[in-house]
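Protein sequences appear in the order of chains S and B. Counted from 1, the first sequence has number 226 at position 217 by the working numbering; the numbering is strictly sequential. Counted from 1, the second sequence has number 196 at position 187 by the working numbering; the numbering is strictly sequential.
Hints were generated in silico from the structure; no laboratory data involved. A few of these clues could be false.
Here are the simulated DSSO-like cross-link-like pairs (lysine-lysine), alpha carbons at most 30 Å apart as the crow flies [as the list claims (entries may be wrong)]: (1) S/K355 with B/K91; (2) S/K366 with S/K355; (3) S/K98 with S/K116; (4) B/K366 with B/K116; (5) S/K355 with B/K265; (6) B/K355 with B/K366; (7) B/K116 with B/K91; (8) S/K98 with S/K265; (9) B/K355 with S/K269; (10) S/K91 with S/K116; (11) B/K355 with S/K265; (12) B/K98 with B/K116.
What follows is each chain in one-letter form.
2 protein chains.
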Amino acid sequence: MSTELIEESIPDVGPRSVGLVSTQSAILFAPPHELTLANSRRLGPITVAYETYGTLSPQRDNAIFVCHALTGDAHAAGYRSKEDLAARKAGWWDGFIGPGKGLDTDKYFVICANALGGCQGTTGPSSICPETGEPWGPDFPVIQIPDIVDVHAELVRSLGIERLLAVVGGSLGGMQVLEWAARYPERLAAAVVLASCPRMSAQGIAFNAVGRSAIFNDPNFNDGRYYRDSGPRAGLALARMVAHITYLSEESIERKFGRKLQDVEALAYDLIKETEFQVESYLNYQGRRFVDRFDANSYLYLTKAMDYYDLAQSYGSIENAFAASQARFLFVSYDSDWLYPTRQSKEVVGALISAGKHVSFIELHSAKGHDTFLIEVEQLEALARPFLERTLEVLRRPAAS
Amino acid sequence: MSTELIEESIPDVGPRSVGLVSTQSAILFAPPHELTLANSRRLGPITVAYETYGTLSPQRDNAIFVCHALTGDAHAAGYRSKEDLAARKAGWWDGFIGPGKGLDTDKYFVICANALGGCQGTTGPSSICPETGEPWGPDFPVIQIPDIVDVHAELVRSLGIERLLAVVGGSLGGMQVLEWAARYPERLAAAVVLASCPRMSAQGIAFNAVGRSAIFNDPNFNDGRYYRDSGPRAGLALARMVAHITYLSEESIERKFGRKLQDVEALAYDLIKETEFQVESYLNYQGRRFVDRFDANSYLYLTKAMDYYDLAQSYGSIENAFAASQARFLFVSYDSDWLYPTRQSKEVVGALISAGKHVSFIELHSAKGHDTFLIEVEQLEALARPFLERTLEVLRRPAAS
């Protein structure tokens, strides 16, 4: 046995890793119990891909649900295979989820699931439509953030968890956290909202619209019915390029690339070769890499879900949205995040304070822009750990004390 | 005669308009006197479209040259036709140029010319190549900002003006002003640089690269040889859409559009119809309108010229670039301009101060972002008028005094 282990020479996962993980799958909303979507259409069965890390307490009171952002998936922490482990290719929030980390898997049972409309194992436009036996494509129903949350809430219930310790997420994930707190006030003790907003700004809609136009313009888009062919790869890559710029701060992109040239001694004066500057090469690479893992229709559906989101409009006001909530809220924004500026977090925080809710808020300094919540996990850890510990303490305190 | 006038019922041009104007044309650098470009290729003859407003003084010392931005042209003020006048379709900087305005045509002789590489009358990739009798397309030589300035400097000389009172411009126009001051120190008494920079930021290059990719992705681009067909209209429109977002501040786009819906009562849940939100409709309109007046190859060449621009690299340092300059400098930046942030103006201003030059600088407050210099002309007028008057005064003062 020991010889075998040595021969396989598995790299050490490190003391703070959840190690090897596997993505699981649940089938929910099977007919005749289809989910009624926000737009009144019914959808089911719905497959949900999810992962869990840590151990559910006997009281089932230590579960934390993680909502991923636009292009994330269920694989938030650890390694899916030995190959991934060898290549140190960990889940998208591995720095924040693990033993002793921000979401401490020694203490908490962490769940992350792919969003409805996505393309990483949860039902979406690239899934097979049961009626036709073909991918849904543009016939997939339009989804909204409440639909994404409904599916995840059902998943959590199917895992035997009536109340979550916390729901945590950034960006589009943060919108889901807000919707969780509004829609299921009795089902979460805390809400952690990072770099997010209660409704997309006009500028945010504008950038999303540009990305969608890039996909629509692609001659291989074929009105969304492209699954027999390569699909709108160039258009999706372009959508990713423009979005990626908005995820970085002006300062970080300047520091990282400046005017450094890629693989050339000097400007080549070649208009067609779009990689003269490193920043061009980097964006091209980000675009190309993205199309290998993401579906263009999912990009359309999920960016539309973002654009449609308007918490105050849905509930009359932000105060109304959280009228029944007893959750403890933690909001974090970043001073260099120009896509989801601090003002947007403040709007929700102000409403919660006015409504007499428990709410903590901090604007953190960072040079890294919107993506900071994915990258600078140390400062998040310092906030999240005591906040979650205190929440669990309050939760477990006898009602009389 | 009077009856005729009444019948024609020409609208009053107003007391501060230059009135009806006509675009003129000069042919420069005719062989064997071709212009040697920055990349060592030779180009000629070069046609230059230009307009002038006001009257050149007998001393020929009151001429101001206006450098336009990326998509501008020679038509900076007044009306090109009675139809334009009736429709109030004035030149792009009509608010700033005219009798009693910022560039006061009662006092100054204002010249504006289309840039080399453009598509509004000056030689560019859509012009006919004399050797082939076909449009240049991608065979047009790569141009840089010094080339644009060389052509304009020759135009000014051909108009009999040895020294300009001032060169004025914003954005890409501001880069040209910097280059004028560096390249022709003896030929301008003042330089007015608005919302500009001494080199493109990595973020600026990134957005330009996205725009160019949109054009390259268009199936009608045909490697730039599209003049017999409709050309990459969708790609060029998309490039304009993304650029347009960067010209506006987050605040102004939010105030103007917010989440207002276009022509619909409520969200139509129609992914393909990209005009549910007014901001989408607005961007689509801006894109469509742009392709009717602009050439995609010009967009490629001119954004590349912007990206290549690096004053410090060209001259060793910014101080060096202006070592021989005796010009009086005026820099204006805007606090909501995130594409050309104040820091970039300050870098040049600091270098000029260190070099003991005469330099004034102000960051103006505006909610309108980068485009402010085109829109909020009142505050510019209040700065430019005394600055130019004083410059003329200094210029006309006997050397002994």
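Status of the hints after comparison with the structure:
no.	hint	result
1	S/K355 with B/K91	violated (52 Å)
2	S/K366 with S/K355	holds (14 Å)
3	S/K98 with S/K116	holds (24 Å)
4	B/K366 with B/K116	holds (26 Å)
5	S/K355 with B/K265	holds (21 Å)
6	B/K355 with B/K366	holds (14 Å)
7	B/K116 with B/K91	holds (26 Å)
8	S/K98 with S/K265	holds (22 Å)
9	B/K355 with S/K269	holds (22 Å)
10	S/K91 with S/K116	holds (26 Å)
11	B/K355 with S/K265	holds (21 Å)
12	B/K98 with B/K116	holds (24 Å)
The structure shown violates just one earlier hint, number 1.
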